[in-house]
Amino acid sequence: MNDRPNLSCRELIDFIADYLDGSLPPQVRSDFERHLGVCPSCVSYLDGYRKSMMLGKAALRDYDDARLESAPESLVRAVLAARRQSDKA
76 MNDRPNLSCR
86 ELIDFIADYL
96 DGSLPPQVRS
106 DFERHLGVCP
116 SCVSYLDGYR
126 KSMMLGKAAL
136 RDYDDARLES
146 APESLVRAVL
156 AARRQSDKA
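Using our numbering, you'd call the opening residue of the sequence shown number 76 and step up by one each time.
I should point out that these hints are in silico values taken from the structure, not numbers from a laboratory.
Careful, some of the hints might be misleading.
As the list claims (entries may be wrong) - Label pairs and their in silico Cβ distance ranges:
(1) Lys132 / Gln102: 24 to 32 Å
(2) Asn81 / Ala133: 28 to 36 Å
(3) Gly97 / Gly123: 16 to 24 Å
(4) Gln160 / Pro100: 31 to 39 Å
(5) Asn81 / Lys132: 26 to 34 Å
(6) Asp96 / Arg136: 16 to 24 Å
(7) Asp162 / Ala134: 16 to 24 Å
(8) Arg125 / Pro100: 16 to 24 Å
(9) Ala157 / Ala92: 17 to 25 Å
(10) Leu135 / Gly97: 17 to 25 Å
(11) Val103 / Arg125: 12 to 20 Å
(12) Leu135 / Val113: 33 to 41 Å
(13) Arg136 / Leu95: 15 to 23 Å
All of these numbers come straight from a predicted model, not from anything done at the bench.
Virtual Cβ for every residue (Gly too), placed ideally from N, Cα, C.
Let the sequences and hints guide you as you build the complete structure.
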């Protein structure tokens, strides 16, 4: 059996939102989870993504619920990039 994941780190990042909302097809979900099993960097990235989403939702808790349906992907990526930069400092 080949233990090498079928997804690259970049592909995994592209699928994170779909993974978290449960909309990945079964094979892609399996590949995603297999990649997580061998890539601590992506596990850390996924954890940061989840935390960023929770923090963003908590910060906007008092705003109109209709505006909170989902954070724009560009905002999530910007927050994660800023977090990575602060972790390096």
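For each hint, the structure was consulted:
About 30 Å separates the C-beta atoms of Lys132 and Gln102, a value consistent with the hinted range of 24 to 32 Å. A hinted range of 28 to 36 Å holds for the C-beta pair Asn81 and Ala133, which are about 35 Å apart. For Gly97 and Gly123, the hinted distance range of 16 to 24 Å is satisfied, since their beta carbons lie about 20 Å from each other. Restraint check, Gln160 to Pro100: a C-beta distance of roughly 34 Å satisfies the suggested window 31 to 39 Å.
Checking the proposed 26 to 34 Å range against Asn81 and Lys132 shows it holds: the Cβ atoms sit about 32 Å from each other. One distance hint, 16 to 24 Å for the beta-carbon pair Asp96 and Arg136, holds here, with the actual separation near 20 Å. Checked against the hint of 16 to 24 Å, the pair Asp162 and Ala134 passes, with Cβ atoms roughly 20 Å apart. Range check, Arg125 to Pro100: about 21 Å between beta-carbon atoms, so the 16 to 24 Å window is met.
With their beta carbons about 19 Å apart, Ala157 and Ala92 fall inside the hinted range of 17 to 25 Å. The given range of 17 to 25 Å is respected by Leu135 and Gly97, whose C-beta atoms sit roughly 23 Å from each other. Here the CB-CB span from Val103 to Arg125 is close to 19 Å, well matched to the stated 12 to 20 Å. Restraint check, Leu135 to Val113: a C-beta distance of roughly 35 Å satisfies the suggested window 33 to 41 Å.
For Arg136 paired with Leu95, a C-beta distance near 19 Å keeps the hint of 15 to 23 Å intact.
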